[in-house]
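Residue numbers (my numbering), protein chains in the order written: chain A, 1 to 358; chain B, 1001 to 1290; chain C, 2001 to 2416.
Treat the hints with care, as some may be off.
[Unchecked claim] Counterexamples of contact, computed for chain A against chain B with all Cβ distances above 10 angstroms:
{"#": "1", "residue": "Leu4"}
{"#": "2", "residue": "Phe23"}
{"#": "3", "residue": "Ser129"}
{"#": "4", "residue": "Leu200"}
{"#": "5", "residue": "Met319"}
[Unchecked claim] Each computed SDA-like pair below joins lysine to any residue, with the alpha-carbon atoms no more than 20 angstroms apart:
{"#": "6", "chain 1": "C", "residue 1": "Lys2264", "chain 2": "B", "residue 2": "Leu1011"}
{"#": "7", "chain 1": "C", "residue 1": "Lys2192", "chain 2": "C", "residue 2": "Gly2167"}
{"#": "8", "chain 1": "C", "residue 1": "Lys2168", "chain 2": "C", "residue 2": "Glu2201"}
{"#": "9", "chain 1": "C", "residue 1": "Lys2220", "chain 2": "B", "residue 2": "Val1182"}
{"#": "10", "chain 1": "C", "residue 1": "Lys2387", "chain 2": "C", "residue 2": "Ala2340"}
{"#": "11", "chain 1": "C", "residue 1": "Lys2272", "chain 2": "C", "residue 2": "Asn2123"}
{"#": "12", "chain 1": "C", "residue 1": "Lys2220", "chain 2": "B", "residue 2": "Pro1125"}
{"#": "13", "chain 1": "C", "residue 1": "Lys2222", "chain 2": "C", "residue 2": "Arg2188"}
{"#": "14", "chain 1": "C", "residue 1": "Lys2222", "chain 2": "B", "residue 2": "Gly1258"}
{"#": "15", "chain 1": "C", "residue 1": "Lys2036", "chain 2": "A", "residue 2": "Ile309"}
{"#": "16", "chain 1": "C", "residue 1": "Lys2222", "chain 2": "B", "residue 2": "Ala1059"}
{"#": "17", "chain 1": "C", "residue 1": "Lys2352", "chain 2": "C", "residue 2": "Phe2293"}
{"#": "18", "chain 1": "C", "residue 1": "Lys2036", "chain 2": "A", "residue 2": "Val318"}
{"#": "19", "chain 1": "C", "residue 1": "Lys2267", "chain 2": "B", "residue 2": "Leu1138"}
{"#": "20", "chain 1": "C", "residue 1": "Lys2267", "chain 2": "B", "residue 2": "Gly1116"}
{"#": "21", "chain 1": "C", "residue 1": "Lys2400", "chain 2": "C", "residue 2": "Glu2197"}
{"#": "22", "chain 1": "C", "residue 1": "Lys2220", "chain 2": "B", "residue 2": "Ala1059"}
{"#": "23", "chain 1": "C", "residue 1": "Lys2222", "chain 2": "B", "residue 2": "Gly1116"}
{"#": "24", "chain 1": "C", "residue 1": "Lys2267", "chain 2": "B", "residue 2": "Asp1002"}
{"#": "25", "chain 1": "C", "residue 1": "Lys2220", "chain 2": "B", "residue 2": "Leu1011"}
{"#": "26", "chain 1": "C", "residue 1": "Lys2220", "chain 2": "C", "residue 2": "Glu2193"}
{"#": "27", "chain 1": "C", "residue 1": "Lys2264", "chain 2": "B", "residue 2": "Gln1172"}
{"#": "28", "chain 1": "C", "residue 1": "Lys2272", "chain 2": "B", "residue 2": "Ser1055"}
{"#": "29", "chain 1": "C", "residue 1": "Lys2220", "chain 2": "B", "residue 2": "Ser1135"}
In short, the hints are calculated from the structure, not lab data. By construction, the Cβ of each residue, glycine as well, lies at the ideal position given by its N, Cα and C atoms.
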Amino acid sequence: MNALTRFLRRLEGPQTLGRGPLFWAGFLVTLAAACAYPLFSDGYTVGNTVYFFTWIFMALGLCLIWGYGGSLSFGQTAFFGIAGYSYGILTINFGAAYGFTFVALLFAVAVAALFAALLGYFLFFGRISGVFLGIVTLSVTLVLERFMAQTAGPEWRIGSARLNGFNGMSNMPPLTLPWPGGDIVLFPDVELYYVVLAMLVVVYLGLRILVNSPFGNVLVAIRENPERAEMLGYDIRKYQLGTFVIGAALAGLSGVLYTSWGQYITPSSMGMTAAALPIVWVAVGGRSDLTTTLIGTVTVLAVFQALTIHGSQYALVVMGVMLVLTVLLAPSGLILALAKLVARPFTKRANNNLPGDA
Amino acid sequence: MDVGTLAFSALYQFGDAFAFLVLSACGLAVIFGMMGVINLAHGEFIMCGAYVTVSAAHAGLPLPLAIVLGALVAGMVGALVEIVVVRHLYDRPLDTIVATWGLSLIGTQGTLILLGSTMAGVGTPFGSFQVGAYSYSLYRLVLFVMAIVVLAGLYALFNWTRFGVMARATIQVPHMAAALGVDTRRVYSLTFALGAGLAGLAGGLYAPTMTLVPTMGTTFIMEAFVTVVVGGADVFLGTAPAAALLAVVKATMTSWYGQLFGQIGLLVAVIVVIRVLPRGISGFLLRERA
Amino acid sequence: MTGKTMRGLRAAALSGTLLLGAAHSLTPALAADPIKLGVLEDQSGDFAAATIGKVHAIQLAADEINKAGGIDGRPLELVIYDTQSDNTRYQEFMRRVLQRDKVDAVFAGFSSASREAYRPIVNQFDGLAFYNNQYEGGVCDANMIVTGAVPEQQFSTLIPWMMEKYGKKVYTLAADYNFGQISAEWVRNIVKEHGGEMVGEDFIPLGVSQFSQNIQNIQKAKPDFVVTLLVGTAQASYYEQAAAASVNLPMASSVNVGQGYEHKRFKPPSLKDMYVTTNYIEEIDSPASKAFFAKFKAMFPDEPYVNQEAENSYLAVYLYKQMVERAKSTKREDLRKEIAKGDVCMDAPEGKVCLDPKSQHMSHTIYLAKVGEDHSISFPKVWQDIKPYWLGEAGCDLTKSDPSAQYTPSNPPPKP
Chain A
1 MNALTRFLRR LEGPQTLGRG PLFWAGFLVT LAAACAYPLF SDGYTVGNTV YFFTWIFMAL
61 GLCLIWGYGG SLSFGQTAFF GIAGYSYGIL TINFGAAYGF TFVALLFAVA VAALFAALLG
121 YFLFFGRISG VFLGIVTLSV TLVLERFMAQ TAGPEWRIGS ARLNGFNGMS NMPPLTLPWP
181 GGDIVLFPDV ELYYVVLAML VVVYLGLRIL VNSPFGNVLV AIRENPERAE MLGYDIRKYQ
241 LGTFVIGAAL AGLSGVLYTS WGQYITPSSM GMTAAALPIV WVAVGGRSDL TTTLIGTVTV
301 LAVFQALTIH GSQYALVVMG VMLVLTVLLA PSGLILALAK LVARPFTKRA NNNLPGDA
Chain B
1001 MDVGTLAFSA LYQFGDAFAF LVLSACGLAV IFGMMGVINL AHGEFIMCGA YVTVSAAHAG
1061 LPLPLAIVLG ALVAGMVGAL VEIVVVRHLY DRPLDTIVAT WGLSLIGTQG TLILLGSTMA
1121 GVGTPFGSFQ VGAYSYSLYR LVLFVMAIVV LAGLYALFNW TRFGVMARAT IQVPHMAAAL
1181 GVDTRRVYSL TFALGAGLAG LAGGLYAPTM TLVPTMGTTF IMEAFVTVVV GGADVFLGTA
1241 PAAALLAVVK ATMTSWYGQL FGQIGLLVAV IVVIRVLPRG ISGFLLRERA
Chain C
2001 MTGKTMRGLR AAALSGTLLL GAAHSLTPAL AADPIKLGVL EDQSGDFAAA TIGKVHAIQL
2061 AADEINKAGG IDGRPLELVI YDTQSDNTRY QEFMRRVLQR DKVDAVFAGF SSASREAYRP
2121 IVNQFDGLAF YNNQYEGGVC DANMIVTGAV PEQQFSTLIP WMMEKYGKKV YTLAADYNFG
2181 QISAEWVRNI VKEHGGEMVG EDFIPLGVSQ FSQNIQNIQK AKPDFVVTLL VGTAQASYYE
2241 QAAAASVNLP MASSVNVGQG YEHKRFKPPS LKDMYVTTNY IEEIDSPASK AFFAKFKAMF
2301 PDEPYVNQEA ENSYLAVYLY KQMVERAKST KREDLRKEIA KGDVCMDAPE GKVCLDPKSQ
2361 HMSHTIYLAK VGEDHSISFP KVWQDIKPYW LGEAGCDLTK SDPSAQYTPS NPPPKP
């Protein structure tokens, strides 16, 4: 019991924003609101919210690698794509019966993680860092994109799953819950919403525990000063590799959920624009904290979509202006800047620096 | 087919790939290689140069002057961008990714709205010449010569001029340069403008040979980043050998296996070179000095 | 519901600007329950050049129909979203138009990837989508109606004609993805059938803009003509570069000129001796075409070019009107009963077109457009009523079953 409480105590700590009863009360209220929300909404809005949620895992993974670990990966979409295609290949070949889609989900995420382990070994044990790491990971995702784009021919098939080139792979079954009295097919609607929400809560809390554990502390030490961390006796390569694999697995989870959501995955999901997007979400939200990343990602996705719906051809211009302004005016991220703005009247005197504001 | 024809054709393909890599990359090499700013709007500076060049040529300016004008305008836009945006981000280089990505969205879509989805081209000058069974575009040789001229010019600029010495000093140890009386802010602005101007020059030079659309810059981006990363931080010692190496890889792969493998070959070359030389070719060449 | 919803699109006095924004008032005669059409097209991003005209064509048709009393007295209402040349936007907005806006039919998609991205969603909600674009063919899906031309229509006419005129040695330069690969397969098969020889094939990844090596390969192979199946604005740079290197070979294409109006954008004579089979371009000299072009320019004076996809989109609206009026319903199954009769035909700007009940693809008048030295267009040959025969013959019969799949000549429907 003692071990468990110690474990749970790590839900808050120096590496995460938000602590104390007030924060957790807020968390529970938000969670309750998120649970109750489909009751007051329509199928489209709920399905669309799930769509936003599917991307958050990738953003959280990047937040861990970049925000906490200090290594910029520009190629998270590589893992996203690998897991998405793996899910498609597995479920098209073996179907959706007996809850196999969830087995496929695990396998697909594992494949992405394995690939990340190989790539990460190559990178971190080769002492590649900084912008070079970014460009190499970007190259990897672009290689995958170009390769997959030309797999249109009938010779490119794995079992009965055709890779189908640039047009993309489609018609894989969505995630399906085995249920007494008939499987529940999780189309983007209320059922899928609850499943993804549950995953999100687990991943979010899990990551909070991780970054407040000794592992997380070392990670932040590496971000602040890799040489110092190494002098203190930590093999920083192992920590970086571990982080990279976890981040890649989360990108893979996003890939599977996205593929299941739209029953479709394409090489463009690994292209240049797709690869830049996670960086934008994380940077705008505030990359140094999990909570700001989570809120920031949903905000950016929702605002960009709303702009596209209502802003006609000026949408992309407005998005660009917003990104530039955010970077200039809110160096530690939009969410943190807003939070400070709101909190200012309450903390007039005490100039308490929020943790994680590195 | 005789040996001379084959040799010339291989050389021509190499020179063509080399010119494209050097010209796409040199602007980025100055901004990214020297200043550490990851400029995702690099392609938009190229597009800017190309659009200005073509508009000026349509208005009656001779093509060489139009190209110079394109480079100048791109350089001025670059200076403006540096003052308004990039200047505030030198202490957090990774944030420039987001800012310059935003700028590139504004640049591409703004051009689409203001100038329409395409622009009429000007046609490639100089015609063609024949070697053996093949005919070649003469303008492509001009591009190769221009790539050499640009490299030589950059070498001269950074080694033999006052600005070059100050720029190198500023970039190596900024506070020391400032202490010695260098106006580092101005040096950064000029360097960024130089990089943008070189991108504009690349756009102007390639404008007669390409489709003019707001997204045209993206076709240069991958080659540019690949060359700069393989080259490392030094413009001359990095970009030139990197472009030569990658041009061999690209031209060989393309002629043997087709364009797809030319592209994939480039990307794999980056991964391998960075694994072996984590600081790029110039990092390797300069390691004694470091 | 502000934003893009346009009620009965008022007369387009508003010059050529995009009519996005303000909702327009209904004229009293059209006060009946509107029929909603979703329009998902790329108005920004890579494909914008070829697709903005499709949106305008749909607006033009809707405007004409509403002025003439709507469809069976019901006005047409357009729900337009900009998909930004981005597959994920198609997924988001296809769900939105079907689930939230509850449109009766959707007109959507330029690239084949975008169509494949939204097709599972159309199937899931059992909607009806019009794909008004020429493409690589093979979509056998009861939820889809395709008004664009397909390879058998464009190549079975073009390739034999070219071989007869210029010779039997053919070189193909194609974009390295589904459209280019499948089209190249069609060219290969037709060349072989007619006793010709493929002297070379080169595939180019999307986004590549430098062609020196390919130009040399072509010169080495010495073909009688080159089939160019290049896609996207970057790849169009080939023409300028080939002309600069004096390749001087006749070219044949199913995709250029008719879609990206390269003959208007490049300086002559880089597209000299280019032959294209298309079902519409603005230069077509028939009275119907001239009338359509004049109406288009009156409403959108700044339109750079009226291409085949614009005409496909325009006729698709009228085709939909006809089906709804005949079926007295907007339900997909009722409309398909009309299609099954095999006589859903109309006089479009290009000439007479009919919908094939088996594949729900369209028969077309195919024009052979020749680009002259000064980039003027002439039409050496016109084929009437070319049917999209392949899919039906290969075994796709939507009147009997709905596999919702895409087939290719090397991956045909399973034999029953």
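Hints versus structure:
The claim that leucine 4/A is not at the interface with chain B holds, since no C-beta of that chain comes within 10 angstroms of its own (minimum 38 angstroms). The beta carbon of phenylalanine 23/A sits about 27 angstroms from the closest Cβ of chain B, which is more than 10 angstroms, so the claim that it is off the interface holds. Listed as outside the interface, serine 129/A is inconsistent with that label: its C-beta sits roughly 8 angstroms from the nearest C-beta of chain B, within the 10 angstroms cut-off. Separation of leucine 200/A from chain B is adequate, the least Cβ-Cβ distance of about 24 angstroms exceeding the 10 angstroms criterion.
The claim that methionine 319/A lies off the interface is violated: its Cβ sits roughly 6 angstroms from the closest Cβ of chain B, which falls inside the 10 angstroms cut-off. With a CA separation close to 34 angstroms, the supplied pair lysine 2264/C and leucine 1011/B exceeds the 20 angstroms bound. Under the criterion of a C-alpha separation no larger than 20 angstroms, the hint pairing lysine 2192/C with glycine 2167/C is consistent with the structure, at around 13 angstroms. At most 20 angstroms may separate the alpha-carbon atoms for a hinted pair to count; lysine 2168/C and glutamate 2201/C meet this at roughly 15 angstroms.
Proximity of lysine 2220/C to valine 1182/B is assessed by CA-CA distance (about 58 angstroms); at most 20 angstroms being required, the pair is judged violated. In summary, the hint linking lysine 2387/C to alanine 2340/C is supported, as the alpha carbons are separated by about 16 angstroms, within the 20 angstroms threshold. For the hint pairing lysine 2272/C with asparagine 2123/C, the CA-to-CA distance comes to about 44 angstroms; that exceeds 20 angstroms, so the pair is violated. Taken as a hint, the lysine 2220/C and proline 1125/B pair is broken in the structure, with Cα atoms around 24 angstroms apart against an allowance of 20 angstroms.
At most 20 angstroms may separate the alpha-carbon atoms for a hinted pair to count; lysine 2222/C and arginine 2188/C meet this at roughly 17 angstroms. For the suggested pair lysine 2222/C and glycine 1258/B, the alpha carbons sit about 18 angstroms apart, so the restraint of at most 20 angstroms is met. Simply put, lysine 2036/C and isoleucine 309/A have alpha-carbon atoms about 17 angstroms apart, close enough for the 20 angstroms limit, and the pair holds. Only pairs whose Cα atoms come within 20 angstroms are accepted, and lysine 2222/C paired with alanine 1059/B is rejected, the gap being roughly 39 angstroms.
In summary, the hint linking lysine 2352/C to phenylalanine 2293/C is supported, as the alpha carbons are separated by about 17 angstroms, within the 20 angstroms threshold. Proximity of lysine 2036/C to valine 318/A is assessed by CA-CA distance (about 29 angstroms); at most 20 angstroms being required, the pair is judged violated. The straight-line distance between the Cα atoms of lysine 2267/C and leucine 1138/B is roughly 17 angstroms, inside the 20 angstroms bound, and the hint therefore holds. Taking the CA atoms of lysine 2267/C and glycine 1116/B, the gap is about 18 angstroms. The hint holds against a cut of 20 angstroms.
In summary, the hint linking lysine 2400/C to glutamate 2197/C is not supported, as the alpha carbons are separated by about 39 angstroms, beyond the 20 angstroms threshold. The suggested pairing of lysine 2220/C with alanine 1059/B is violated, with an alpha-carbon distance near 39 angstroms, which exceeds 20 angstroms. Restraint check for lysine 2222/C and glycine 1116/B: not satisfied, since their Cα atoms lie roughly 38 angstroms apart, outside the 20 angstroms limit. A threshold of 20 angstroms between alpha carbons decides the hint, and for lysine 2267/C with aspartate 1002/B the separation of about 35 angstroms lies outside it, so the pair is violated.
As the CA atoms of lysine 2220/C and leucine 1011/B are separated by approximately 16 angstroms, the hinted pair is consistent with the 20 angstroms bound. Of the pairs offered as hints, the one joining lysine 2220/C and glutamate 2193/C is violated, with about 25 angstroms between alpha carbons and a cut-off of 20 angstroms exceeded. For a cut-off of 20 angstroms, the pair hint linking lysine 2264/C to glutamine 1172/B is broken: about 50 angstroms separates their Cα positions. In summary, the hint linking lysine 2272/C to serine 1055/B is not supported, as the alpha carbons are separated by about 24 angstroms, beyond the 20 angstroms threshold.
Our distance criterion of 20 angstroms between C-alpha atoms is met by lysine 2220/C and serine 1135/B, whose separation comes to about 10 angstroms.
Hint compliance for this structure: hints 3, 5, 6, 9, 11, 12, 16, 18, 21, 22, 23, 24, 26, 27, 28 are broken, all remaining hints hold.
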